[in-house]
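Just so you know, the sequences run in chain order A and B.
Number 297 in my numbering belongs to position 297 of the first sequence; there are no gaps in the numbering.
Number 670 in my numbering belongs to position 165 of the second sequence; there are no gaps in the numbering.
Hints listed in this document are in silico derivations from the structure and should not be mistaken for laboratory results.
There may be inaccurate statements among the hints.
Listed below are several chain A residues computed to face chain B (Cβ distance under 10 Å; list not exhaustive) [stated by the list, open to error]: (1) F195; (2) A391; (3) Y432; (4) P433.
Capping the alpha-carbon separation at 30 Å, the derived lysine-lysine pairs in DSS-like fashion look like this [claimed, not checked]: (5) A:K168 x A:K428; (6) A:K166 x A:K496; (7) A:K239 x A:K284; (8) B:K523 x A:K166; (9) A:K428 x B:K523; (10) A:K239 x A:K103; (11) A:K246 x A:K19; (12) A:K168 x B:K523; (13) A:K246 x A:K284; (14) B:K523 x A:K429; (15) A:K168 x A:K429; (16) A:K103 x A:K353.
Label pairs and their calculated CB-CB ranges [what the hints assert, rightly or not]: (17) B:I661 x A:L282: 48 to 54 Å; (18) A:M256 x B:T547: 55 to 61 Å; (19) B:A653 x A:L430: 38 to 44 Å; (20) A:D431 x B:K643: 35 to 41 Å.
Where is the CB? At the ideal position from N, CA and C, for every residue including glycine.
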Amino acid sequence: MEAFELLLQGFVTLMTVQKLSLMVVGLILGVFVGVLPGLGGPNGVAILLPLTFSMDPTSAIVMLSCLYWGALFGGAITSILFNIPGEAWSVATTFDGYPMAQKGQAAQALTAAFTSSFIGSLVAVILITFLAPRIADFALRFGPPEFFAVYLLTFCSFVGLGREEKHKIVISMTLGLLLTGIGMDTVSGQLRMTFGFTDLLRGVNFLVAVIGLFGISEILVTMEESLALRGHAAHINPKVVWETWKTFPRYWGTIMRSAFIGCWLGITPGGAIAASFMGYNLAKRFARDKDTFGTGRIDGVLAPETAAHAAGTAALLPMLALGIPGSGTAAILLGGLLVWGLNPGPLLFVEHKAFVWGTIASMYLGNIVGLVLVLSTVPLFAAVLRVPFAAIAPMIVVSCAIGAYAIQNAMFDIWLMLGFGVLGYVFKKLDYPLAPLTLALVLGSRTEDAFRLSMIGAGGDLRVFWSNGLVGTITTLALVLLFWPVIGSLFERAGKLLRPVGKAT
Amino acid sequence: MSQQNSLPAPEDDRPIAKSRSVDVVVLLLLLALACLLGWDSTRVGNAWADDGPQAGYFPFYLSVLMGATCIFGLTRLLVASGATADGFITRHQFIRVIQVFVPTLAFVIATEFLGLYVASFLLVAGFMWWIGRMALWKSVLTSFLFAAAMFLTFEIAFNVIMPKGPLEAAFGF
Chain A
1 MEAFELLLQG FVTLMTVQKL SLMVVGLILG VFVGVLPGLG GPNGVAILLP
51 LTFSMDPTSA IVMLSCLYWG ALFGGAITSI LFNIPGEAWS VATTFDGYPM
101 AQKGQAAQAL TAAFTSSFIG SLVAVILITF LAPRIADFAL RFGPPEFFAV
151 YLLTFCSFVG LGREEKHKIV ISMTLGLLLT GIGMDTVSGQ LRMTFGFTDL
201 LRGVNFLVAV IGLFGISEIL VTMEESLALR GHAAHINPKV VWETWKTFPR
251 YWGTIMRSAF IGCWLGITPG GAIAASFMGY NLAKRFARDK DTFGTGRIDG
301 VLAPETAAHA AGTAALLPML ALGIPGSGTA AILLGGLLVW GLNPGPLLFV
351 EHKAFVWGTI ASMYLGNIVG LVLVLSTVPL FAAVLRVPFA AIAPMIVVSC
401 AIGAYAIQNA MFDIWLMLGF GVLGYVFKKL DYPLAPLTLA LVLGSRTEDA
451 FRLSMIGAGG DLRVFWSNGL VGTITTLALV LLFWPVIGSL FERAGKLLRP
501 VGKAT
Chain B
506 MSQQNSLPAP EDDRPIAKSR SVDVVVLLLL LALACLLGWD STRVGNAWAD
556 DGPQAGYFPF YLSVLMGATC IFGLTRLLVA SGATADGFIT RHQFIRVIQV
606 FVPTLAFVIA TEFLGLYVAS FLLVAGFMWW IGRMALWKSV LTSFLFAAAM
656 FLTFEIAFNV IMPKGPLEAA FGF
């Protein structure tokens, strides 16, 4: 019941005209950003982050998280009406969403997508509400070695479980880690890799890198492909919404399954994409008539949307609790927390209760307001996509530049952003994954600090990472995940040997 | 999006660079970067002191790891010759990428001298008129409204300071 009281306090914090209007502004900007080609969730949040620098942290996070919900909703609009996934996790939504739009059921598909996103997020927020106080207790057991072990686990899981070629993942990750090393070393105060350039003293800010890697490079890619947008019109009216909602109870199994998968995968890093595909595939496997999937089934929209949004929301839990972002956008929000002078991590729950519970309350409220807002304004946002790209592209470039400059008031950062734009474009074309690079840029220096602090504490003894059950388990798990491809294939071979010969299929 | 289809007329699908060649160049550049950063970290000190690693320890071994991975990638590309001969970019695509990259570069340079708002006015107007082939009055009007909206949002409403040039100075900002 402690959670309930704290949550109520969070709602009280939110109930001011200023915060509620910021919420609506955030949602509208978010949908806008999610709909525009070349701007996805992480990017839009990164560009608009400077708007929040002069706000107090709670207002800032309310606005930014609403931007995030807005962008998630916006991604569904482009997937269904234009067959263009706004984010990687909307890909699965296009499988059945676009065919539905082709059959003239765009309004039903959109209603289904928005409502199931809402349900997915709601389940995840309820989970966060009840897990958060426990995390606060757990928090006090975390010291530098534990933090290092958790960061190590994140990196190792990327290498071990990533689908791209391993050497490309490693290159991308080491490049990111090296870039975070530039500038003043926080432990010894020495200058590293600056080569006498004063602009490099500040180091490479990861928000600048993200704006370049995703914003500028996305413009280059979009321009190259010269997408011809042919969208379907959608008019949502209350009757359609009600008719669609009435069919929902039939699919409650699918929705709950997807929500569960989403929550689970969202807490483990990088899970939202996997969650949407898994949600879709499981819905397909459990369906009686599997062949009709992909031809425009409503549960083909419900399943991936519920899972993706449950994952997207659940991703905020490890971000707040451990300082580990579960998704690209969560990584940006993490950057925001640092700018506002809050240190994400277990102690946040103890020291900044009002902030944490304000955030959680805003997740509830933001999703409800968002659902109403998108249902009523879809035609307006769909019209945005008909604006010529030649007008939108330069405006996105300008927004990126403003975002990059505002972070540290440095002209050099605009140049850096441009450089990262080219890097991101080339990496995308050559199938080098950008996620490990971003993750390394966010966590790099914190990982090194955690490692060196634990070394100072333990007098340079590496056994500190196995010094108690908690840290030992995490470290071992990290190493297992790192070598998972090897271990997995060993298991498979062993399984083949053990399996009865006759039954092999 | 109809504007965009009327860009360079004939579709030219010949690739002007192979993915493999670009990959080799990228890996060589990263290898060079790894050597440079590794060398600098040695200068800072890459040993393991009594209380743990020195400042250059992590950068040094990360450089080694990155360099080694680059060499691995290079050998794979050179051994498996011809297997991945797909194009990196066609001539037609390259022109379009340049069409957006060069104005962006010009915009950044202009920001240095004219300030961000004037530069963004020039970028949006120029891009719409020249690349998008839209009517001049439409381009200029849109772009003016955009730059003004940005100025009001950031400079006035949210108090976020942007680089400014002579024009803003003339108005007392």
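| How does the Cβ-Cβ distance of M256 of chain A and T547 of chain B compare with 55 to 61 Å: does it lie in that range? | 57 Å, holds
| query | Are the Cα atoms of K523 of chain B and K429 of chain A separated by 30 Å or less? | reply | With a Cα-Cα distance of about 11 Å, the restraint between K523 of chain B and K429 of chain A holds, given a limit of 30 Å.
| query | Given F195 of chain A was flagged as interface, is its beta-carbon under 10 Å from a beta-carbon of chain B? | reply | Status holds, d = 7 Å.
| Minimum Cβ distance from Y432 of chain A to chain B below 10 Å? | 8 Å, holds
| query | If you draw a straight line from the CA of K239 of chain A to the CA of K103 of chain A, is it 30 Å or shorter? | reply | 19 Å, holds
| Holds or violated: 48 to 54 Å for the Cβ distance of I661 of chain B and L282 of chain A? | 51 Å, holds
| query | If you draw a straight line from the CA of K168 of chain A to the CA of K428 of chain A, is it 30 Å or shorter? | reply | Satisfied, since the Cα-Cα distance of roughly 11 Å is no more than 30 Å.
| Hey, K246 of chain A versus K284 of chain A, does the alpha-carbon distance stay inside 30 Å? | The hint holds at about 21 Å.
| Satisfaction of the hinted span 38 to 44 Å by the C-beta atoms belonging to A653 of chain B and L430 of chain A | 40 Å, holds
| task | Given the hint that K428 of chain A pairs with K523 of chain B, test it: the Cα-Cα distance must not exceed 30 Å. | result | Distance of about 15 Å is within 30 Å: holds.
| said: Min Cβ distance, A391 of chain A to chain B: is it shorter than 10 Å? | reply: Where the cut-off is 10 Å and the nearest Cβ of chain B is about 5 Å from A391 of chain A, the hint holds.
| field | Pair hint K166 of chain A and K496 of chain A, alpha-carbon separation not exceeding 30 Å | value | Distance ~25 Å between K166 of chain A and K496 of chain A Cα, so the pair holds.
Violated hints, in rising order: 4, 11, 16; the structure is consistent with all others.
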